[in-house]
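Residue numbers for the sequence shown follow numbering that gives the first Met the number 0, so the first one is 0 and each next one is one higher.
Simulated from the structure, these hints should not be mistaken for lab results.
Quick caveat: nothing in here was measured; it's all calculated off a predicted structure.
Just so it is clear, CB atoms sit at the ideal spot from N, CA and C, and this is done for glycine as well.
Treat the hints with caution; some may be incorrect.
[To be verified] Cβ-Cβ distance ranges computed for the label pairs, FRET-style:
no., residue 1, residue 2, range
1, F69, T16, 31 to 39 Å
2, R19, R71, 19 to 27 Å
3, T68, L99, 30 to 38 Å
4, G78, L99, 24 to 32 Å
5, V77, L15, 38 to 46 Å
6, V77, R19, 36 to 44 Å
7, T16, A88, 27 to 35 Å
8, A81, H40, 20 to 28 Å
9, L85, A14, 32 to 40 Å
10, V54, V90, 33 to 41 Å
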Amino acid sequence: MLHVATMVGVAVAMALTGARDVAESPWIAPFIYSSADVLRHFSLWQLVTYAFVNVPSLWFVVEMWMLYTFGREVEKFVGRRAFLWLYAALVLVGPLALTLLSLA
0 MLHVATMVGV AVAMALTGAR DVAESPWIAP FIYSSADVLR HFSLWQLVTY
50 AFVNVPSLWF VVEMWMLYTF GREVEKFVGR RAFLWLYAAL VLVGPLALTL
100 LSLA
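With the hints as extra help, turn the sequences into a complete structure.
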């Protein structure tokens, strides 16, 4: 539900700023992950907020359907608390690994 709400917010922000891409919108750009921003400007929120910057597309619909379908089954199997920990870990592992790799 949060992903869908933020997608609507991104679409509105893009429309209001006339941006054709999310990176062009001054309201959205600070939330897109960039290892350079994380390391140089300490934009640590980007490690989490990147997952909620979605543009309206057919693939977004497919992603939300898969998250609902498979996520519900995984949650039934492991429980809500373990599922939320897993989801948080999956959101954080990618950008943390990329940030660490960019140090080298």
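Check the structure against each numbered hint from earlier and tell me which ones fail, lowest number first.
2, 8, 10
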